[in-house]
Amino acid sequence: MAQDRITAPLKLLIIGGSAGSLTVLLKVLPALNYNVSLSIVIVVHRKNTPDSTLADLLASRTKIHVKEIEDKESLLGGTIYLAPPDYHILFENNGAVSLDFSEKVNFSRPSIDVAFESAAEVYKERLTCILLSGASSDGVKGLAEVKRNNGNFAVQDPSTAQAPYMPQQAVNKLHPNTVLTPEAMIGFINGL
Amino acid sequence: MIEDENIDILVNDVFELYGYDFTEYSKASLKRRISRLYTLDKFPSFAELRYKIKNDPGYLKRFVEEITVNVTEMFRDPSFYLALRNEILPKLGTYPYIRIWHAGCSTGEEVYSMAILLKEAGLLSKSIIYATDINPDVLEKARVGIFPIANMKLYSENYIASGGRLDFSSYYSANYDGVKFDESLTKQMVFSAHNLVSDGSFNEFHLIVCRNVLIYFDKQLQDKVFQLFDKSMGKLAYLALGSKETVKFSSIHLHYKQVGKEKIWRKTE
Ligand SMILES: C[S@@+](CC[C@H](N)C(=O)[O-])C[C@H]1O[C@@H](n2cnc3c(N)ncnc32)[C@H](O)[C@@H]1O
Numbered sequence: 001m002a003q004d005r006i007t008a009p010l011k012l013l014i015i016g017g018s019a020g021s022l023t024v025l026l027k028v029l030p031a032l033n034y035n036v037s038l039s040i041v042i043v044v045h046r047k048n049t050p051d052s053t054l055a056d057l058l059a060s061r062t063k064i065h066v067k068e069i070e071d072k073e074s075l076l077g078g079t080i081y082l083a084p085p086d087y088h089i090l091f092e093n094n095g096a097v098s099l100d101f102s103e104k105v106n107f108s109r110p111s112i113d114v115a116f117e118s119a120a121e122v123y124k125e126r127l128t129c130i131l132l133s134g135a136s137s138d139g140v141k142g143l144a145e146v147k148r149n150n151g152n153f154a155v156q157d158p159s160t161a162q163a164p165y166m167p168q169q170a171v172n173k174l175h176p177n178t179v180l181t182p183e184a185m186i187g188f189i190n191g192l
Numbered sequence: 001m002i003e004d005e006n007i008d009i010l011v012n013d014v015f016e017l018y019g020y021d022f023t024e025y026s027k028a029s030l031k032r033r034i035s036r037l038y039t040l041d042k043f044p045s046f047a048e049l050r051y052k053i054k055n056d057p058g059y060l061k062r063f064v065e066e067i068t069v070n071v072t073e074m075f076r077d078p079s080f081y082l083a084l085r086n087e088i089l090p091k092l093g094t095y096p097y098i099r100i101w102h103a104g105c106s107t108g109e110e111v112y113s114m115a116i117l118l119k120e121a122g123l124l125s126k127s128i129i130y131a132t133d134i135n136p137d138v139l140e141k142a143r144v145g146i147f148p149i150a151n152m153k154l155y156s157e158n159y160i161a162s163g164g165r166l167d168f169s170s171y172y173s174a175n176y177d178g179v180k181f182d183e184s185l186t187k188q189m190v191f192s193a194h195n196l197v198s199d200g201s202f203n204e205f206h207l208i209v210c211r212n213v214l215i216y217f218d219k220q221l222q223d224k225v226f227q228l229f230d231k232s233m234g235k236l237a238y239l240a241l242g243s244k245e246t247v248k249f250s251s252i253h254l255h256y257k258q259v260g261k262e263k264i265w266r267k268t269e
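Taken in order, these protein sequences are the chains called A and B.
Residue numbering for the first sequence follows this note's numbering, beginning at 1 and increasing consecutively.
Residue numbering for the second sequence follows this note's numbering, beginning at 1 and increasing consecutively.
I should point out that these hints are in silico values taken from the structure, not numbers from a laboratory.
As the structure is a prediction and not an experimental result, all values here were calculated from the model.
We put the beta carbon where it would ideally sit given N, CA and C, even for glycine.
Mixed in with the good hints, there may be bad ones.
If you want a taste of the chain A side facing chain B, the calculated C-beta under 7 Å gives, among others [as the list claims (entries may be wrong)]:
#1 Asp71
#2 Asp100
#3 Phe107
#4 Ser118
When the alpha-carbon atoms are kept at most 20 Å apart in a straight line, the in silico DMTMM-like pairs for lysine to aspartate or glutamate are as follows [claimed, not checked]:
#5 B:Lys248 <-> B:Glu262
#6 B:Lys219 <-> A:Glu125
#7 A:Lys47 <-> B:Glu73
#8 B:Lys54 <-> B:Asp21
#9 B:Lys263 <-> A:Glu70
#10 A:Lys147 <-> B:Glu3
#11 A:Lys104 <-> B:Glu65
#12 B:Lys248 <-> A:Glu70
#13 B:Lys180 <-> B:Asp199
One-sided and incomplete, this derived list gives chain A residues near chain B with beta-carbon spacing under 10 Å [what the hints assert, rightly or not]:
#14 Thr62
#15 Lys72
#16 Ala96
#17 Glu125
Using the sequences and the hints given, assemble the complete structure.
Next comes the structure, spelled out in structure tokens:
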């Protein structure tokens, strides 16, 4: 089976973003190196449009395989996954991801908090979360949970964010060691 | 936060004492729902939550209701309903009568949406819609057919996007903060508790709709439910799933063919 390709447990990077995060993703993703031991999951707030145009857009900018998460899909390394619109994503102990259609959290589905919190306990120190630009308060609680579980986290430098509110909340509440401009984010992720 | 071992303990208690089997549900979802309930109801410790569940059948009701997610909408994913309207119902209309099963119908918004489509296609009077769920309380709400008035703006937009041409408000009468859907829609519905984990096939259907229920099950349980559906469908019957669910990886996929772009499959043999 495909997941037997990698024997060491995978590392997971989750990038959460809201308003103003797309420009960051479009800058960062094309510059990322293929890393077979890292799965990348992107959770962004967006409108529920019928076709997966965002996946196509991101896929056109990177050589790394980009796909929308399917229910119970086992995460593979060297792949960028996109949370589908209108579902939360939850991480299972066995490396799979489940979709969830429960109540919106912070007026959002997918909610960044839900994704971060669920992954925090499963992946512990193998998890890195980055919170990007946004005008929402989503993501900060989740980052706190990542921190509590010894995961790593970083925040987009609010002064570089189109919507600084969300990363600024994280800076104020969690005092992250790693505050990154979009340019610095590239090196940070390639070093994971 | 509730530890994984404790989730297993609760799931076992609930099974032994009350017969509800959540052992093959998504662990990540159970964990999130139980942690949420634990916080909402302000339990001082896991032991207290466990004690309450074991000794208070009234609380068990709340437990089941909170860990099974009941969120639903009318005409959710309008393109799905458009496909039902344009492609599936005309086929079903050629039969002398139509049997439809909504499995995991929650509070019924989806069932009323279906009844509206059938009515507009002139097929409602020869249709029977069986609407089932594990949770008797949501079924009671579905039977009554009263929904929050605040949702009608969204539902009306969804209805129009699904190809609806009438005035959506002609289907209900509004009073206070609720609207009651027309009895002519409810007349063709049969509501009944049915647990997809433990109850068997009870009829043969032309169309089974089971949306956003399987995502709460692990792969093995998903497959068992697919076999139950397969047993409950005649040749050329349709199976409709949620917008992120698929027959593709199941043991029944070989004799199911997807119809168009929506998550609708037709049984080929
Ligand atoms: C998220 S709702 C989906 C409602 C609707 N089908 C929709 O897509 O909008 C999931 C429903 O599945 C029901 N359910 C969960 N486990 C079940 C089981 N074992 N048998 C039958 N229904 C179940 C829950 O009670 C809930 O009403």
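| So which of those numbered hints doesn't the model satisfy? | Result: hints 3, 6, 13, 14, 17 break, sorted rising.
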